[in-house]
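Following the hints, position chain B against chain A.
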Amino acid sequence: MGYRFLIVDDSATTRAVIKRTIGMCGIETERITEAGNGRDALAVLAVAKVDLVFLDLNMPEMGGMEVCAKVQADPRLASTPIVIVSSESMESRIQQMKNQGAKGYIKKPFTPEQIRNVIQEVLEVRNAA
Amino acid sequence: MQPDAPQALLETLAESLELMAFIMLDPVTEPPAAPEEAVVVSMGFSGPVSGSVQVIAPRAFATMLSANVLGSDPSDEDALVKADDCLKELVNVVGGALMPKLSTSPDDVFKLELPTLRTMDDSEWTSISATSQLAMADGHVIAARLV
Numbered sequence: 001m002g003y004r005f006l007i008v009d010d011s012a013t014t015r016a017v018i019k020r021t022i023g024m025c026g027i028e029t030e031r032i033t034e035a036g037n038g039r040d041a042l043a044v045l046a047v048a049k050v051d052l053v054f055l056d057l058n059m060p061e062m063g064g065m066e067v068c069a070k071v072q073a074d075p076r077l078a079s080t081p082i083v084i085v086s087s088e089s090m091e092s093r094i095q096q097m098k099n100q101g102a103k104g105y106i107k108k109p110f111t112p113e114q115i116r117n118v119i120q121e122v123l124e125v126r127n128a129a
Numbered sequence: 001m002q003p004d005a006p007q008a009l010l011e012t013l014a015e016s017l018e019l020m021a022f023i024m025l026d027p028v029t030e031p032p033a034a035p036e037e038a039v040v041v042s043m044g045f046s047g048p049v050s051g052s053v054q055v056i057a058p059r060a061f062a063t064m065l066s067a068n069v070l071g072s073d074p075s076d077e078d079a080l081v082k083a084d085d086c087l088k089e090l091v092n093v094v095g096g097a098l099m100p101k102l103s104t105s106p107d108d109v110f111k112l113e114l115p116t117l118r119t120m121d122d123s124e125w126t127s128i129s130a131t132s133q134l135a136m137a138d139g140h141v142i143a144a145r146l147v
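Read top to bottom, the protein sequences are chains A and B. Residue 53 in our numbering sits at position 53 of the first sequence, with consecutive numbering throughout. Residue 16 in our numbering sits at position 16 of the second sequence, with consecutive numbering throughout.
Bound conformation, chain A alone:
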């Protein structure tokens, strides 16, 4: 059984880059699902088990902040690790997201190493728990 990822970003280009990077990480992957906004992401999370969510903040329909809050408030989803991938780089915003339960914060533009490192960190922590 491999890992299941959800990539949430309104940019199809960014989704494609993250997806390709996951594919190059050398970890066993069962499924990579994509969503273009927060509402679609919650719909995916409602029906499918996900091991790690990459979540953008600034999106149409529903932004990443609201997704984070809804996931944290739902006992069935609260343990799902979320890593924010956003262009926003104000320290106040990053702290706000960590307070909301985000396990990591990657600033755009990112390097493949940053994606790979956060996958290893988050999934290793999860496996050790």
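Just so you know, these hints were derived from the structure itself, not from any lab. On a predicted model such as this, the values are computed, not experimentally measured, just so you know. Among the hints, erroneous ones may be present.
[To be verified] Keeping only pairs whose Cα atoms sit at most 30 Å apart, straight-line, the calculated DSSO-like set for lysine-lysine is:
(1) A:Lys70 / A:Lys103
(2) B:Lys111 / A:Lys103
(3) A:Lys98 / B:Lys101
(4) A:Lys19 / B:Lys111
(5) B:Lys111 / B:Lys101
(6) A:Lys70 / A:Lys107
(7) A:Lys70 / A:Lys98
(8) B:Lys101 / A:Lys49
(9) A:Lys49 / A:Lys103
(10) B:Lys111 / A:Lys107
(11) B:Lys111 / A:Lys70
(12) B:Lys111 / A:Lys98
(13) B:Lys101 / A:Lys107
(14) A:Lys19 / A:Lys49
(15) A:Lys19 / A:Lys103
(16) A:Lys19 / A:Lys70
(17) A:Lys98 / A:Lys19
(18) A:Lys19 / A:Lys107
(19) A:Lys107 / A:Lys49
(20) A:Lys70 / A:Lys49
(21) A:Lys98 / A:Lys49
This is chain B only, laid out in the frame that chain A set:
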């Protein structure tokens, strides 16, 4: 807006292009002609300082950017399909990276809007070029400004 904001915008654009797509900006040596089939991408922001980040570039540049980001060729269909999306993402990245440079306190909070894209009318170029930071990227003229 701080007087050095336009220079900060140009530097942020250069850094973002290099990190996203290995594209280097070069200075403009003479007033460039209006780019062909150019688009204007805007992203509004509000907070301690409010305004809009704009990047104006030809569609051919957007396709090259998309191809570089995706690791494909500009003639690939995927690069063509994602060209507009990629240019909007560039402006999103530039806007996000610029906000700390415009802020006066680490506690400042900015609200970023979603980037929008429209076709530039050739008659706009005189005004755009006079109020923008201009640079060349692999033979394409790029303009960036804060409005």
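Inset, instruction - Sort out whether Lys103 of chain A lies within 30 Å of Lys111 of chain B, counting only the CA atoms. - result: With a Cα-Cα distance of about 22 Å, the restraint between Lys111 of chain B and Lys103 of chain A holds, given a limit of 30 Å.
Inset, instruction - Starting from Lys101 of chain B, check that the Cα of Lys49 of chain A is at most 30 Å away, please. - result: Distance of about 40 Å is beyond 30 Å: violated.
Inset, instruction - Please work out if Lys111 of chain B and Lys101 of chain B have their alpha carbons no farther apart than 30 Å. - result: Since the Cα atoms of Lys111 of chain B and Lys101 of chain B sit roughly 15 Å apart, the hinted pair holds (cutoff 30 Å).
Inset, instruction - Starting from Lys111 of chain B, check that the Cα of Lys98 of chain A is at most 30 Å away, please. - result: Roughly 18 Å separates the two Cα atoms, so the pair holds.
Legend entry - Holds or violated: Lys101 of chain B to Lys107 of chain A, with C-alpha atoms at most 30 Å apart: holds, 15 Å
Legend entry - Holds or violated: Lys111 of chain B to Lys70 of chain A, with C-alpha atoms at most 30 Å apart: holds, 20 Å
Inset, instruction - Below or equal to 30 Å on CA atoms is what counts here, so check Lys70 of chain A against Lys103 of chain A. - result: holds, 15 Å
Inset, instruction - Take a quick look at whether Lys19 of chain A and Lys111 of chain B sit within 30 Å of each other, Cα to Cα. - result: holds, 28 Å
Legend entry - Straight-line alpha-carbon gap Lys98 of chain A to Lys49 of chain A, limit 30 Å: holds, 22 Å
Inset, instruction - Compare the distance between the alpha carbons of Lys19 of chain A and Lys70 of chain A with 30 Å, and conclude whether the hinted pair is satisfied. - result: holds, 24 Å
Inset, instruction - Verify the proposed pairing of Lys70 of chain A with Lys107 of chain A, using a straight-line Cα cut of 30 Å. - result: holds, 22 Å
Legend entry - Lys19 of chain A paired with Lys103 of chain A [C-alpha distance capped at 30 Å]: Roughly 19 Å between the alpha carbons, so the hint for Lys19 of chain A and Lys103 of chain A holds.
In terms of the numbered hints stated before, the structure departs from hint 8 and from no other.
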